[in-house]
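J.: Sequence:
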Amino acid sequence: MSTPLRLGTRGSALAMAQSGHVAEALTAATGREVELVEVVTAGDRSAAPVHRLGVGVFVSALRDALTAGTIDLAVHSYKDLPTAAAAGLHIAAVPARQDPRDALVATGGRTLAELPPGAVVGTGALRRIAQLHALGLQLEVTPIRGNVDSRLRRVLGPEADLDAVVLARAGLARLGRTDVITETLDPMLMLPAPAQGALAVECRADDHDLVELLAVLDHAPSRAAVTAERAFLATLEAGCSAPVAAYAELAEGDAGEEIYLRGAVISPDGTRDLRLSRTGTPADAAEIGKALAAELLELGADSILGQEGHTGPGTQQFGSTE
1 MSTPLRLGTR GSALAMAQSG HVAEALTAAT GREVELVEVV TAGDRSAAPV HRLGVGVFVS
61 ALRDALTAGT IDLAVHSYKD LPTAAAAGLH IAAVPARQDP RDALVATGGR TLAELPPGAV
121 VGTGALRRIA QLHALGLQLE VTPIRGNVDS RLRRVLGPEA DLDAVVLARA GLARLGRTDV
181 ITETLDPMLM LPAPAQGALA VECRADDHDL VELLAVLDHA PSRAAVTAER AFLATLEAGC
241 SAPVAAYAEL AEGDAGEEIY LRGAVISPDG TRDLRLSRTG TPADAAEIGK ALAAELLELG
301 ADSILGQEGH TGPGTQQFGS TE
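Start counting the sequence shown at 1; every next residue gets the next number (the UniProt record's numbering).
Please note that a few of the clues may not be correct.
Below, a list of computed lysine to aspartate or glutamate pairs in the DMTMM-like style, where the Cα atoms sit at most 20 angstroms apart [stated by the list, open to error]:
{"hint": "1", "residue 1": "K290", "residue 2": "E249"}
{"hint": "2", "residue 1": "K290", "residue 2": "D302"}
{"hint": "3", "residue 1": "K290", "residue 2": "D269"}
{"hint": "4", "residue 1": "K290", "residue 2": "E237"}
{"hint": "5", "residue 1": "K290", "residue 2": "E258"}
What follows is a list of derived Cβ distance ranges for each label pair [as the list claims (entries may be wrong)]:
{"hint": "6", "residue 1": "D64", "residue 2": "D209", "range": "19 to 29 angstroms"}
{"hint": "7", "residue 1": "E295", "residue 2": "D64", "range": "34 to 44 angstroms"}
{"hint": "8", "residue 1": "A220", "residue 2": "G157", "range": "36 to 46 angstroms"}
{"hint": "9", "residue 1": "P187", "residue 2": "G253", "range": "14 to 24 angstroms"}
{"hint": "10", "residue 1": "T3", "residue 2": "L299", "range": "53 to 63 angstroms"}
{"hint": "11", "residue 1": "S303", "residue 2": "G31", "range": "46 to 56 angstroms"}
{"hint": "12", "residue 1": "D209", "residue 2": "T271", "range": "50 to 60 angstroms"}
{"hint": "13", "residue 1": "H21", "residue 2": "L156", "range": "23 to 33 angstroms"}
{"hint": "14", "residue 1": "S2", "residue 2": "G108", "range": "52 to 62 angstroms"}
{"hint": "15", "residue 1": "A173", "residue 2": "V40", "range": "20 to 30 angstroms"}
{"hint": "16", "residue 1": "T111", "residue 2": "G176", "range": "37 to 47 angstroms"}
Since the hints were made in silico from the structure, they are not lab data.
This one's a predicted model, so the numbers in the text were calculated from it and none came from an experiment.
Note that beta-carbon positions come from the ideal geometry of N, C-alpha and C, so glycine has one too.
Given the sequences, and given the hints that come with them, work out the whole structure.
T.: Printed below as a string of structure tokens:
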């Protein structure tokens, strides 16, 4: 019998759930046993706003454990990964992506349009804050941190102090909490973060047997969509405080399968909102993302990105899926 594979994961309920799903899928597909190994990251130890914590705050400890050989593989929320490649490590699989849209959880079962002016909405992402402001609904938007349960308690608990929160639908789905969603937000209103809803299964690049084993979990359409979105993000060289959104969908076109990529750069106060789209083939996913970013830069996206500081290429950090 082979020894169990050691899968490193953050210890939050969401991280454990998504890592558990990957472990079960890998065992079902290959027969190889997998054990979860909790790794505490800097992001888990801090209560500071995510965008102020720095790059890779939820992934660096996992990658250190991989490099040191104390774990064999790690599961990340893909949107937490900096766009720069990590030396000696390899994204061996992108499993089938969960619904990448954002979700509203509001008191009284209300939708976004039903919230009155002055309603207080909490979210941890500058991207969401900027887009909520851009909608012009006169909502009071406040940054919040914490795991899924703690955020939900601020709307649904006995000591609730918010009228609504916006979370990633994927996180709620992985925790079996979609029943609390009062509206799944149309991407035309709230464009997701690049790679939202996707997982990245990472291992050491020189562990060729494991690279081959993990390939069974790879979902080509999800990988292509995420590749387009992250190429868009990397080309913009957006800093951790810049609200950048992207969403790629695959569909059948006249000449076969196509990627339809939408991207946006929004000023934090919502007063400037640049959005464009581009199509192409899945094989050209990275080039589609780069080209769309270049178009937005020509329209002045760099001036929006410069409002909140510019940290250079490969340094993006958009916060946990939670």
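J.: Which earlier hints can't be squared with this structure?
T.: 3 and 16
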